[in-house]
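There are 2 protein chains.
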Amino acid sequence: MIRIAIDAMGGDFAPSEIVKGAVQASLELPVELILVGKADKINKELSKYKKRGALSVVNAEEVIANNEAPVSAVKQKKDSSLNVAVSLVKKQEAAAVVSAGNTGALMTASLFGLGRIPGIERPAIAGLFPTKKRPVLVLDIGANSDCKAKQLKQFAEMGAQYCECVMHYKSPRVGLLNIGEEKEKGNELVTEAWPLLKDSPINFLGNVEPKEMFAGEIDVVVCDGFVGNLILKYGESVSSFLLDLFKKELTKNPITYFAAFLLLPAFAGIKKRTDYDEYGGAPMLGINGVVFKAHGRAKAKAFKNAIRATMEAVQQDLVGRISKIEAKQ
Amino acid sequence: MIRIAIDAMGGDFAPSEIVKGAVQASLELPVELILVGKADKINKELSKYKKRGALSVVNAEEVIANNEAPVSAVKQKKDSSLNVAVSLVKKQEAAAVVSAGNTGALMTASLFGLGRIPGIERPAIAGLFPTKKRPVLVLDIGANSDCKAKQLKQFAEMGAQYCECVMHYKSPRVGLLNIGEEKEKGNELVTEAWPLLKDSPINFLGNVEPKEMFAGEIDVVVCDGFVGNLILKYGESVSSFLLDLFKKELTKNPITYFAAFLLLPAFAGIKKRTDYDEYGGAPMLGINGVVFKAHGRAKAKAFKNAIRATMEAVQQDLVGRISKIEAKQ
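So the protein sequences, as listed, match chains A and B.
Following this note's numbering, the numbering of the first sequence begins with 1 at its first residue and continues without gaps.
Following this note's numbering, the numbering of the second sequence begins with 1 at its first residue and continues without gaps.
Keep in mind that the hints were calculated from the coordinates and are not lab data.
It is possible that part of the hints are untrue.
Pairs count within a copy or across copies, as identical chains cannot be separated in the list.
Here are the computed lysine-lysine pairs in the DSSO-like style, where the Cα-Cα straight-line distance is at most 27 Å [to be verified]: (1) Lys133 with Lys252; (2) Lys90 with Lys20; (3) Lys148 with Lys183; (4) Lys248 with Lys233; (5) Lys185 with Lys90; (6) Lys75 with Lys183; (7) Lys324 with Lys198; (8) Lys50 with Lys299; (9) Lys272 with Lys248; (10) Lys185 with Lys198; (11) Lys301 with Lys248; (12) Lys252 with Lys211; (13) Lys78 with Lys91; (14) Lys247 with Lys211; (15) Lys233 with Lys198; (16) Lys211 with Lys299; (17) Lys252 with Lys132; (18) Lys133 with Lys233; (19) Lys75 with Lys185; (20) Lys150 with Lys185; (21) Lys324 with Lys248; (22) Lys91 with Lys41; (23) Lys148 with Lys185; (24) Lys185 with Lys78.
Since this is a predicted model, take the numbers as computed values, not measurements.
Chain A extracted, bound-state conformation:
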């Protein structure tokens, strides 16, 4: 049984949806979950479920909020659910940690507590984006605003490993996000990174533009954390801008209003296809331990999916595989 530490107090719907997701995971997956946080609150939530699997509770009195500055919060709140959950991995009482809480704080606590995989210069946050076919893994989506070419190469290698281990994509196709397909296109960073990715033992297809990404013609897309975070936010903004325009058009007159009513199931179908929650969240790659950031808005099902991905990363020895690649270079 794989032991996973759960930050039960992190996320918009903590602890209720986190505990609910953990209970579901404990019934469906070969895992043992350690729920970390205010014991009385967690036990109260647990008491709602008669049927549950291997679950235990570890008390932690403090909570790091989403709007807190990561470094000071991690340093000051030693007894926070997030810090204590990470420390269980450090003490080898758990094999991995999942949190839906403050992203920066989870990265900081993991770096302080577990460190980097030897050879990895910078850990990255990887996110799954919807496409016309299967999801694409994009990294970095926010851990590093300024990157060096070698770091992009390592992101590519880590992302390819994750796709293979956890997503079960065979020989994942890796692309470098760019504004053109030719290798001399783009800024200094990407033109410098191109030959490094070409020489790396990954299935590198070259530069990719956004349209190839959404066509589902690529599995891993590499970019610096400023660009990655920006396109994540930009995509969300374009989607909600278009939906908003659409709603306005739909409520213009009784005919469109009626049509909109008929289309409610279609809207639900699109929401499901584009919902980031469906994929559970984002792994933090390059940390010397399995750390998974569940979506801040994760409800039970999304959180259960996050636990499943985390379990697979442990089963497949993701950290060991990444270490081996870096050791060879």
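Position chain B against the provided structure of chain A, taking the given hints into account.
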């Protein structure tokens, strides 16, 4: 009358839609248009219109295609419609030039022929993006993949002038595109640019995230050309991805199919709101002359709008205004 040189052979629908747009502009606006390109073809198009304003034709035998490498095309095809149109501005036979052709070639020919405004380090391409309110001007959207902080400051100043002169926005609100609102957020480039924009004589509101941009809370958004070009392409990809998903859902069963039929006018309304063609195209700012890149897919109406914007930039002495700002610093 303002004399404007028109590259009649550039763009997907040249020369027919270009000539048609020019004829319309000649009837509606106080301009004198010089159509540059293959004289026989242009005259054949012109003969379709009985009613037309001040139009003349200058012959140029060559055409630069969209897929040609800009620098070599501009150097080799001296007698191309694009080169000859720019040279009319150089010889002061025209006050401005409009082309729907190869963007890189237009920038190159303009830089070679007209040079930069004294003090301006790099010219930028500015594009209008739709928002919930009035359009926002984004620059640079592709002329400079690597930028320095001072260049971003100049983009901000040029963009603000354009918005005031041509869009008639009073005291345009300028923002720096970023992944967070706090001034210490982002990569080295934007954190370095922030204080320069703050000290500049523009209405600088600080960092803006994509959601503020689409909310229409800002008039000018500044970024480097790699990021600008990427978000332009990313936005188009997200839109067509969503529309494609939607179409699939709509054709799933007879009820949704019927609803989709009822919604055709709504779709058209959205297309109009998000259509880049409506705004005519993108000015090239920082060139020592008024140069306007019409959209490659511009039809007559869009091309006429491009001519109108170009005329206003000349009327308002955009180049002179930008020169004055830079001379003061």
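Hint check:
no.	hint	verdict
1	Lys133 with Lys252	between (34 Å within a copy, 18 Å between copies)
2	Lys90 with Lys20	within (26 Å within a copy, 72 Å between copies)
3	Lys148 with Lys183	both (17 Å within a copy, 23 Å between copies)
4	Lys248 with Lys233	both (23 Å within a copy, 25 Å between copies)
5	Lys185 with Lys90	neither (43 Å within a copy, 30 Å between copies)
6	Lys75 with Lys183	between (44 Å within a copy, 23 Å between copies)
7	Lys324 with Lys198	within (19 Å within a copy, 48 Å between copies)
8	Lys50 with Lys299	within (20 Å within a copy, 67 Å between copies)
9	Lys272 with Lys248	both (22 Å within a copy, 14 Å between copies)
10	Lys185 with Lys198	within (15 Å within a copy, 32 Å between copies)
11	Lys301 with Lys248	between (32 Å within a copy, 26 Å between copies)
12	Lys252 with Lys211	between (32 Å within a copy, 25 Å between copies)
13	Lys78 with Lys91	within (15 Å within a copy, 72 Å between copies)
14	Lys247 with Lys211	both (26 Å within a copy, 18 Å between copies)
15	Lys233 with Lys198	between (29 Å within a copy, 24 Å between copies)
16	Lys211 with Lys299	between (31 Å within a copy, 24 Å between copies)
17	Lys252 with Lys132	between (30 Å within a copy, 16 Å between copies)
18	Lys133 with Lys233	both (21 Å within a copy, 19 Å between copies)
19	Lys75 with Lys185	between (43 Å within a copy, 21 Å between copies)
20	Lys150 with Lys185	both (18 Å within a copy, 23 Å between copies)
21	Lys324 with Lys248	neither (54 Å within a copy, 44 Å between copies)
22	Lys91 with Lys41	within (25 Å within a copy, 79 Å between copies)
23	Lys148 with Lys185	both (17 Å within a copy, 19 Å between copies)
24	Lys185 with Lys78	between (47 Å within a copy, 26 Å between copies)
The earlier numbered hints that this structure contradicts are 5, 21.
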